[in-house]
Every structure is written in C-alpha cells, then in structure tokens.
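Novice: Sequences are here, hints too, so could you generate the full structure?
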Amino acid sequence: MFPMNAWYVACTPAELPADKPLGRTICGERIAFFRGPDGKVAAVEDFCPHRGAPMSLGKVCGGRLQCGYHGLEMGCDGRTVAMPGQRVRGFPAVRSFAVEERYGFIWIWPGDAALADPETIHRLPWADRPDWAYGGGIYNVQCDYRLMIDNLMDLTHETYVHATSIGQKEIDEAAPATRVDGNLVVTERDMHGVMPPPFWQAALRANGLRDDIPVDRWQKCRFFPPSHVLIDVGVAHAGKGGFDAPAEVKADGIVVDFITPETATSHWYFWGLARHFQAGDAALTDSIRQNQGAIFAEDLQMLESQQRNLLAWPERALLKLNIDAGGVQARRVLDRMLADEAAARAGVPA
Amino acid sequence: MFPMNAWYVACTPAELPADKPLGRTICGERIAFFRGPDGKVAAVEDFCPHRGAPMSLGKVCGGRLQCGYHGLEMGCDGRTVAMPGQRVRGFPAVRSFAVEERYGFIWIWPGDAALADPETIHRLPWADRPDWAYGGGIYNVQCDYRLMIDNLMDLTHETYVHATSIGQKEIDEAAPATRVDGNLVVTERDMHGVMPPPFWQAALRANGLRDDIPVDRWQKCRFFPPSHVLIDVGVAHAGKGGFDAPAEVKADGIVVDFITPETATSHWYFWGLARHFQAGDAALTDSIRQNQGAIFAEDLQMLESQQRNLLAWPERALLKLNIDAGGVQARRVLDRMLADEAAARAGVPA
Amino acid sequence: MFPMNAWYVACTPAELPADKPLGRTICGERIAFFRGPDGKVAAVEDFCPHRGAPMSLGKVCGGRLQCGYHGLEMGCDGRTVAMPGQRVRGFPAVRSFAVEERYGFIWIWPGDAALADPETIHRLPWADRPDWAYGGGIYNVQCDYRLMIDNLMDLTHETYVHATSIGQKEIDEAAPATRVDGNLVVTERDMHGVMPPPFWQAALRANGLRDDIPVDRWQKCRFFPPSHVLIDVGVAHAGKGGFDAPAEVKADGIVVDFITPETATSHWYFWGLARHFQAGDAALTDSIRQNQGAIFAEDLQMLESQQRNLLAWPERALLKLNIDAGGVQARRVLDRMLADEAAARAGVPA
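Protein chains in written order, with the numbering used here: chain W, 1 to 350; chain Z, 1 to 350; chain D, 1 to 350.
Among the hints, a few may not be true.
Identical chains share a label here; the pair holds if one copy fits it or two copies do between them.
Within a straight-line C-alpha distance of at most 27 Å, the following computed DSS-like cross-link-like pairs (lysine-lysine) qualify [unchecked claim]:
1) K220 with K169
2) K240 with K169
3) K169 with K59
FYI, nobody ran anything at the bench for these hints, they're computed from the structure. Being a predicted model, the structure only gives us computed values, none of them experimental.
Specialist: Structure follows, in structure tokens:
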C-alpha cells in the first residue's frame with residue numbers, strides 16, 4: 001500500500017509545542033511525537049509499556065515524554081528513563097522512529113530507522129529563501145493516498161471541481177505532457193493567451209499587475225516518491241516568456257502537497273503554496289492560505305466518494321487516459337518501491 | 001431479500017431537477033438518476049468509467065450527465081458520449097436501468113432492464129383525478145423493508161405507537177380479516193359507531209362535517225408486490241354506509257406507502273395520503289402532510305430498534321398471529337417471487 | 001470476560017419510575033427492567049415474543065410490561081399474560097433475571113437465576129445509616145470493565161489524571177501495600193503530614209475544619225468480586241490517628257465504584273461518595289457529586305484510549321508493578337470465577 005522506508009511529512013512545528021506531545025497514525029503506525037532535550041523532535045510508539053495508555057495523552061517534562069496515566073517517563077529512544085517509585089531498567093522499550101525537523105516540516109521515516117538517511121529528505125530550497133513565502137494547512141482525508149496523487153497529477157479536474165477559482169476551460173483544451181525521469185514523474189501543461197481565472201487575478205493584483213489582460217499560464221506537476229507532489233504554477237502577462245518571464249510580469253509559486261498515508265484508506269494532506277512574489281506580505285500569505293484551503297476542500301467530498309465507490313466496485317478497472325499518465329506513472333514508481341521492500345523483507349535482492 | 005425484477009419508487013420529481021443528478025442506492029445498486037434530453041428520466045450506475053467517481057456529484061448539461069471530477073459526459077444508456085480532449089468510443093459503458101416517471105413518482109426496475117414493462121407499474125388512478133389531492137414525504141429507515149410491510153399490514157400498532165393521533169382502543173377490538181388473491185394481499189378492519197380519533201376529527205372538520213358524533217371507520221390494507229401498501233382509510237358518520245357512504249358524510253382517502261429497499265437492513269419509505277375530499281385546498285394538503293409526517297416518524301424508532309433486536313437474536317422465530325396474517329401473506333408472495341428469480345438465474349423453469 | 005453468576009448494579013431507582021421500563025445491556029444480555037406489582041423490580045429479556053420489538057420501548061400498566069408496538073403484556077417472569085384479541089397461553093416466554101432493589105441500587109444477576117441468592121449481594125451498611133450521605137452518578141465507558149478496576153486499584157494515577165483536585169505528589173511517594181484475603185483484595189496507602197489537595201481542602205472546610213494545616217491522608221481500596229471497588233478515603237489533621245482519628249478532626253467517606261460490564265469492551269460505571277460527615281447537608285451532597293463527577297470524567301478519555309491501544313496491540317503484555325498489584329490480584333479472583341463457571345458449564349467440578 002505504502003512504502004515504509006521513506007520520508008513523509010508527519011506534522012508541522014506548530015502542532016508540536018515544547019510541552020505537549022502529538023499522537024498521529026502514520027502508515028498504520030500509532031506514533032507519539034514530542035520534543036526531547038534541546039527541542040529536537042522524537043517519535044515513539046504511542047504505547048506506554050506500563051499499561052498500554054497512549055503516551056500522547058501525557059505531557060513533556062524536561063525533554064522526556066511523561067505518561068499521563070501513572071507518570072512513566074520515556075526518552076527519545078523509546079526507553080523508560082524514570083517512573084515514581086520504580087526501578088525501570090528492565091522495562092521493555094517501545095519502538096522509536098527516525099524523525100527530522102527541516103524546511104518548516106517534521107519528517108518521519110515509518111520503516112526501519114537504520115535505513116533512514118536525513119540527506120534523502122526531499123529538498124525544499126525555497127523554504128529558507130527570503131524572497132519566498134509559505135502558507136498552508138492540513139486535512140485528514142478518508143481515502144487512499146494514491147487517489148490524492150492522481151488528483152494532483154491530473155489538473156483537468158480544476159475545470160470541474162474548482163470551476164469558480166482556478167478552473168477554466170482552457171485547461172481541458174491544453175493536452176498535458178508526461179515524462180518520467182527515474183523516480184520523478186512530471187506532467188506539464190501550458191496555456192497561452194488565456195484570461196486568468198479568479199485566483200490568479202487576485203494574485204496578479206496582489207503583485208501590482210494588471211489582471212484583465214491575457215496571460216500565459218503554466219502547471220508543472222512533479223511527483224517525487226513516496227508521495228510528494230510539487231506543482232510549479234503561475235501566470236505571466238502573455239507573450240513575455242511564460243514560466244521563464246521576468247519576475248515583474250508574473251505571479252508564480254509552487255503548490256506544495258505532502259500526502260502522508262494514515263491507513264489504507266485515509267491520509268494526512270499537507271497542502272500549501274510557496275509563493276515567489278510579495279514574500280514579505282504576511283496578510284497576503286493569510287489570504288492566499290484561506291482561499292487555497294477553501295479550494296482544496298472542494299476535492300475532499302469527491303475523493304472520499306470516489307474511495308467509497310472503489311470499495312463498492314473493487315473489481316472494476318479504471319481508465320488510463322493521457323491525462324492520467326502522471327498518476328499512472330507515479331503508481332508505477334510506488335509499485336516498484338513496494339516490490340523492493342517486499343523483496344528486502346523476504347531476503348531476496350530486488 | 002428483495003425481488004430485483006420489479007418496479008419500485010426511486011424518488012419524486014421534486015428530487016430531480018433538470019440540472020442536478022440524484023445519487024441513491026436502490027436494492028443494493030448505487031444509481032445516479034438524471035433527466036436526459038426532453039427531461040425524460042434516466043438511471044445509470046453511479047460510477048464514472050474514467051476514475052470511479054460518483055456521477056451523481058456532477059451536473060446535467062444538455063441532457064447528458066457530466067462527471068464533476070474530469071468532465072466525462074454520459075448518455076442515458078450509460079455510454080460515454082464525450083470527454084474533453086478524448087476519443088471516447090472505446091470507453092466501457094456502465095449499466096443503465098429501466099426507469100419511468102408516472103403518477104408523480106419516478107419508478108426504477110433494478111433488475112434486468114429487458115424484462116421491464118412500464119405497463120406493469122402499479123396503477124394509481126387517483127393520481128390524475130382532480131377530485132383527489134396527494135401529499136407525502138420520504139424517510140430513510142434503517143431496517144429491512146419487510147418490517148415496514150409488516151407494520152403497515154397490521155394496524156393494531158396504531159393504538160400503541162400512534163396513541164394520540166390515529167390510535168384508538170377499538171382497533172384492537174375489531175379483528176381484521178385477511179385474504180389473498182394471487183399476489184394481492186388484503187387485510188380489512190371495520191369499526192362501527194366509534195368516536196373518531198384526533199386525526200380523523202380534524203379531517204371531518206376540514207371537510208365541513210361534525211367531528212363529535214360516532215362514526216364508522218375503515219382500514220383496508222392492500223399489499224401489492226414488490227412492496228407497495230395502499231390503505232383505504234376513512235370515517236363516515238355512523239350508520240350511513242361506512243366505506244360506501246356518500247361523499248357528503250365522510251372523509252376518506254388512501255394511505256400510500258412505497259417501500260423501496262436500499263440495503264438488506266435499510267429502505268426508503270415514501271409515505272403520503274391521497275385524499276378524496278377538499279382536493280383543491282392546498283393548505284389542507286400541507287397540514288395533513290405535516291401531521292402524517294409526525295405520526296409516521298413515530299414508527300421509525302420502533303422499527304429500527306426491532307431490526308437491531310432481530311440482528312441480536314437471529315435464531316428466534318416470531319409469532320404469526322391473526323393480526324400478522326397480512327404481513328405473513330405478503331412475505332409468502334415475496335418468497336415466491338424470490339424463488340422465481342433464483343430459478344430464472346439458475347436457468348430452471350420456476 | 002465477566003462472571004455471569006454474580007450480582008451487579010444494573011441501575012438506580014431514579015432510572016426506573018413506576019410507569020416506564022428501562023432498556024440496558026448488562027454482561028451482553030439485552031434486558032428490560034420494570035416495576036411489577038407492588039413496585040417490585042423485574043428484569044426480562046428486552047424482546048417481545050410477538051415480533052421482536054424491544055419491550056423497553058413500551059410502558060408499565062398495572063405492574064405489567066406492555067409492548068409499545070402491538071400491546072402484548074408481559075409479567076415479571078417473562079411470560080405473556082395478555083394481548084388484545086389473542087389467546088396467549090401458548091406464547092413462548094422470554095427469559096427473566098433475578099433482580100433485587102437494595103441499598104439504593106437495583107442489582108441484577110445476569111446468569112442462572114436459580115443460583116441467585118440475594119443474601120450474597122454486597123452489603124453496604126452505610127446505606128441505611130442517618131450519619132452517612134450518598135451522592136453519585138453513572139457513566140457509560142467504552143472499555144473493558146477490568147481496565148476500570150485496574151484504574152481504581154492503583155490510585156497513583158490521581159497525581160497525573162486528577163492533578164488539580166485529588167492528585168498530589170505524595171501519592172507517588174507512598175508505596176501501596178496489597179493483600180489478598182480469599183476473594184477480597186485490598187490495596188492501602190497512607191500519607192502522613194501532607195497538605196490536603198483541593199478536593200479535601202473543600203471537604204475539611206465543609207466539615208468546619210481548618211484546611212491549611214498538614215493532614216494524614218489514607219486510601220484503602222477494596223475489591224470485591226465481581227467488580228465492586230470501595231475505597232475508604234479521608235484526611236485527618238496530622239497526628240490525630242489518621243483513619244482512626246476521632247470524627248471531629250477528620251473528613252472521610254467511601255468512594256463507591258460499581259463497574260458493570262455492558263459488552264466485552266464497554267461498561268456502566270456507577271460512581272459516588274458515601275460521606276461520613278455533615279450527612280444532613282443536601283447542598284453539600286450535590287456539590288460533592290458535581291466535583292466528583294468532573295474528576296471521574298477525567299478518567300474516561302484515558303481509559304477509552306487505553307482500550308483502543310490494547311485492541312491495536314493485542315499481543316503486548318503489560319507490566320505488573322507493585323502499584324498494579326491490586327488490579328493484578330483482582331484479575332486473578334476474576335479468572336478463578338470464570339474458570340469455575342466454565343467448569344460448571346462443562347459439568348466438571350471446579
């Protein structure tokens with residue numbers, strides 16, 4: 001279903017204050033996240049070895065996770081370090097997970113921690129650049145994470161699902177091109193000389209640009225395993241070079257989608273926009289976040305209904321049209337990773 | 001559980017405007033209803049052959065059902081007729097269902113469309129007559145549709161479940177008579193010289209008649225397969241002929257019950273009253289609908305609790321008293337139909 | 001899971017007025033409770049032999065339980081005694097249960113009624129004494145009843161779960177002692193010269209005593225099978241004898257916990273405080289009930305989350321520390337009772 005030996009976004013720093021743990025299920029693993037000594041993030045099974053209570057109902061004291069039931073204190077490695085009135089040396093440890101805080105996200109490796117190399121965390125160069133601004137949110141979606149990947153790798157749905165904000169008929173009319181480069185899948189679409197839809201009109205205005213003249217619009221959906229979809233999006237006044245136009249005639253950014261499996265039929269959807277204009281305008285960040293949140297919420301009913309339909313008709317094959325190529329190729333990458341993991345578990349070279 | 005080759009009420013015309021489909025599960029089939037060209041009703045599997053999204057989340061454009069996800073357009077026969085940027089000739093069709101609009105209801109044949117003859121739709125002669133008025137509603141009830149048939153074929157429950165409106169002790173005291181005529185089951189009860197209960201007092205007053213003198217009251221429950229229960233009900237001033245009394249001394253009508261299975265343990269209950277007095281008084285229609293809706297809602301808790309009990313005690317046989325004869329006979333008719341369908345599926349003459 | 005041949009608290013008299021039955025599942029049995037002739041409590045399967053409706057949706061007429069669907073009337077022994085228009089002699093009876101009203105509670109024996117001896121109902125001597133007052137409530141808790149026994153036999157959790165009311169660090173510091181005497185399990189803890197926590201400060205003030213000086217505090221948890229936990233609790237001004245101090249320098253009582261299984265993973269929790277001071281002060285009873293209700297509600301999230309965790313990790317063994325000895329020993333008593341019942345069912349002497 002989902003690769004285990006991979007870095008997923010688990011939560012945001014704002015969800016993890018210094019004194020409170022966070023309980024969240026990731027790839028089927030029930031995990032308690034907390035900040036250990038020096039504030040470094042830790043992740044352990046959300047299970048107190050004493051009586052099985054969730055550690056995430058407790059609190060964090062001096063970098064230790066304290067069970068809220070009888071006070072057992074756990075370290076970042078899942079070992080019990082103290083409990084009032086008890087010798088804890090023989091207590092069984094629970095599993096700990098490799099976890100890293102980077103680029104404004106907290107990343108988890110739900111599989112074998114020995115294989116987790118932080119250097120393989122997906123790089124987000126814009127995250128640390130002052131001329132970029134980021135705003136986003138999180139949704140819990142009751143469908144297979146792959147349906148969300150499909151959704152994001154085929155943006156023709158914008159015309160139908162998001163008709164009043166980012167959809168426009170020219171999306172349908174511009175056939176996308178999909179290419180695969182190793183584990184990277186890219187689906188691109190360019191629209192030339194179209195009128196900007198409402199979301200992009202607002203972005204142009206926010207960037208001090210005319211919103212009532214034709215633009216060139218682009219969407220470059222890039223899938224990186226296990227389930228990151230980063231989409232270069234933007235509009236430039238028509239004929240100025242489109243994606244490559246100078247900054248002063250365009251509004252652009254990256255739609256950021258981290259899609260983290262919760263169970264086989266649910267996931268955590270971290271969505272946002274990394275914006276490459278007016279980066280210092282916090283009110284604009286807020287306003288875009290609100291608009292984007294409303295737009296992306298439009299997908300949820302469709303995806304959750306689609307999931308229920310697929311469960312009701314499990315035997316039906318779906319079509320794989322040209323517009324689906326991005327999702328189809330992404331699933332091939334995932335299937336390969338899953339086969340590799342299965343082979344590794346079986347002790348067979350992949 | 002339920003015959004598939006039969007006409008059921010699926011919805012009302014008010015539930016199906018020209019531009020919006022309706023998704024509803026009938027006899028276990030997930031179906032999208034919509035109005036095709038010329039407004040004629042169509043019914044197809046609620047499954048887009050492209051990616052499995054429910055077609056019922058889309059809209060209707062020029063008599064075609066457009067998927068709300070990526071814009072696939074489907075005709076009334078379940079075939080894809082268009083999709084932006086695609087050649088659709090090879091797309092697999094989904095199943096379509098025989099469906100008819102008649103008598104103020106939309107009727108579905110969830111089984112083999114080749115066997116569906118609109119002439120076998122249950123006739124409702126009053127539906128088109130100006131001296132009759134109809135008002136009704138719909139409830140989703142979480143129990144086997146046969147429990148609702150039982151309920152309506154044994155009106156002794158009115159004394160207990162509807163004590164303040166249509167119940168009265170004389171119902172219990174008047175033994176019903178049940179007869180079977182082919183697939184028709186009739187349970188009749190007459191009460192002579194009783195005081196009218198509140199619902200019928202109001203009906204008498206609405207018809208300009210005294211409500212404080214004894215009446216003759218009748219209930220003629222008629223079961224027609226698969227699951228229609230039509231009940232002649234009324235009161236006439238006592239001694240004037242009861243059911244056969246002249247119109248100017250009575251208030252009467254037909255309680256209309258179309259009971260459409262949704263799943264094995266839930267159904268759609270279309271209830272209403274076809275009234276044979278003051279047919280032109282729309283305010284009266286509204287008022288009766290509200291009263292009847294409140295009365296019939298009293299059954300829901302009982303039926304849903306009964307269902308839970310039967311699931312908890314699956315091995316227990318129920319009693320079959322004289323008052324249950326209507327329901328018992330109705331189930332025999334259904335069992336016969338189910339056996340016929342099973343035999344037909346097996347290729348054996350029934 | 002739970003002994004069937006034992007007395008459990010089923011409900012309180014306030015839940016069972018003269019005219020209305022109460023439906024409640026106890027130890028997996030769906031039961032209708034009602035007051036028969038002379039107001040004596042009866043308990044029968046919550047299943048009408050006519051059509052399977054729950055008897056608990058009906059009413060009580062003259063000491064008979066009348067089905068709310070078609071009027072069948074049942075006696076305290078589960079036999080049908082009347083039904084309008086029917087001869088009922090041959091109707092199958094439903095099972096009846098041994099039930100007793102005593103000490104302000106209604107007690108049920110969900111197993112073999114022939115084995116039920118009311119003399120074995122747990123004695124509550126304080127219930128009838130004028131110098132004691134009782135107040136309490138009921139919670140439905142979605143966890144195995146044994147998790148609640150564990151909770152109450154290890155009060156170190158007060159420090160963490162009830163930090164602002166009855167918790168204090170000295171609880172953790174005072175090791176408990178557990179002893180077993182036949183089927184009785186006792187876990188005791190004494191704290192000397194500690195400051196009273198907020199709940200006990202209020203109790204001291206209510207009893208006209210200083211609340212700002214050190215006290216001796218005690219907790220004597222007593223488990224009686226099947227699932228009663230009665231806890232002697234109190235504080236006395238320090239050095240006056242603690243539990244044995246004279247009444248004028250202490251505030252004390254008994255925390256009353258009747259823990260009645262509903263299903264394998266849920267139970268009815270009857271909680272309260274029998275108070276041995278200011279017994280005539282009804283306002284104080286109310287105020288304590290409210291405070292206690294709020295405190296005990298703090299346990300629910302923890303216990304229900306613990307249950308979900310144990311279901312997710314069914315193979316994990318829990319620790320059995322010294323503080324867990326009370327719960328561990330209580331489970332041994334229960335396991336013995338369950339083995340005895342299993343042996344009796346198999347016809348083998350235990």
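Novice: Now tell me, hint by hint, if it's right for this structure.
Specialist: Comparing the hints with the structure gives:
no., hint, verdict
1, K220 with K169, "within (18 Å within a copy, 59 Å between copies)"
2, K240 with K169, "within (22 Å within a copy, 71 Å between copies)"
3, K169 with K59, "between (52 Å within a copy, 16 Å between copies)"
In summary, this structure violates none of the numbered hints.
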